Amino acid sequence: MQPVNEMELKFLSKSNNESFARVAAAAFVSQLDPTLEEMADIKTAVSEAVTNAIIHGYENKVGFVTMRCSLYADSVEISISDEGMGIENIELARQPLYTSKPEMERSGMGFTVMENFMDRVEVISQLNSGTTIKMYKTFKSLKNKN
Amino acid sequence: MQVKFLSKGTTLIVSILGELDHHSAEYIRQKVDSEIIKATTKNIIFDFSKVTFMDSSGIGVILGRYKNVQKINGKTSIANVNSQIKRIFEMSGLFKIIPVYDNLDIAINKM
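In order, the protein sequences belong to chains A and B. If you use the numbering used here, the first sequence corresponds to residues 1 to 146, in order. If you use the numbering used here, the second sequence corresponds to residues 1 to 111, in order.
If you are wondering where the hints come from, they were derived from the structure by calculation, not from laboratory data. Hints are supplied without guarantee of correctness; some may be wrong.
Stated by the list, open to error - Quick partial rundown of chain A residues pointing at chain B, CB under 7 Å, derived from the structure:
| no. | residue |
| --- | --- |
| 1 | S15 |
| 2 | N16 |
| 3 | M39 |
| 4 | A40 |
| 5 | S47 |
| 6 | T51 |
| 7 | S70 |
| 8 | E105 |
| 9 | R106 |
| 10 | S107 |
| 11 | G110 |
| 12 | V113 |
| 13 | N116 |
| 14 | D119 |
Unchecked claim - Chain A is nowhere near these chain B residues, computed Cβ spacing over 10 Å in every case:
| no. | residue |
| --- | --- |
| 15 | V3 |
| 16 | R29 |
| 17 | S34 |
| 18 | S57 |
| 19 | I88 |
| 20 | N109 |
Here the structure is a predicted model, which means the values were calculated and not measured. Even glycine gets a Cβ: it sits at the ideal position worked out from N, Cα and C.
Please take these sequences and the hints and turn them into a complete structure.
This is the structure:
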């Protein structure tokens with residue numbers, strides 16, 4: 001299926017870009033006219049993925065985070081990529097309450113939140129070369145409309 | 001992002017205004033912790049009525065403060081949580097240890 005619209009955004013792994021990324025994603029997705037709740041789901045999931053890239057992907061280093069959004073008639077695909085250290089054990093990282101950074105008061109709920117707010121979450125990661133999180137969501141409000 | 005404090009006896013009411021994410025978490029942590037160490041504070045109520053966004057970073061912020069007041073035998077509760085934020089707290093099991101109330105008056109009464 002061909003997307004009806006696409007965008008790509010590249011920004012530094014600075015924590016103040018977390019809000020920039022989620023607001024940008026929500027603004028782009030808004031052209032499909034989903035509900036406010038569905039928009040909030042997108043914002044939250046993007047925030048989690050970008051935070052992971054900044055905290056875990058790049059740790060204290062600065063690098064670029066890339067966000068790609070593809071819009072379809074009633075759904076969206078969002079991918080968030082970093083060129084950071086990668087995830088050693090993806091299965092473990094996705095487990096609820098697992099965190100590699102308890103000293104930073106991280107709850108270990110990032111992936112669980114993404115999975116709950118989106119329909120599907122894929123994690124592609126290679127040690128020392130980076131991680132991509134792909135998230136998919138069909139807007140039920142639009143499916144009923146079309 | 002702004003944090004406002006109001007003391008009711010030994011209970012500190014913390015109102016968070018704005019977005020609670022990884023970026024703002026450190027600021028909120030420092031602000032609240034420096035209030036907790038004041039001798040008058042024992043319990044803490046988080047007022048979420050002015051929180052416009054929260055991701056899982058908020059869980060760590062609340063749990064961390066809960067642990068800090070627990071050391072002085074204090075209690076923690078949360079008031080005025082919208083449905084989106086409630087879902088995140090529910091996923092984490094936070095409500096099993098920290099009660100949530102519909103409004104500030106109830107939270108203060110239950111303290």
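Taking each numbered hint in turn, which are not upheld by the structure, reported in ascending numerical order? 3, 7, 14, 16, 18, 19
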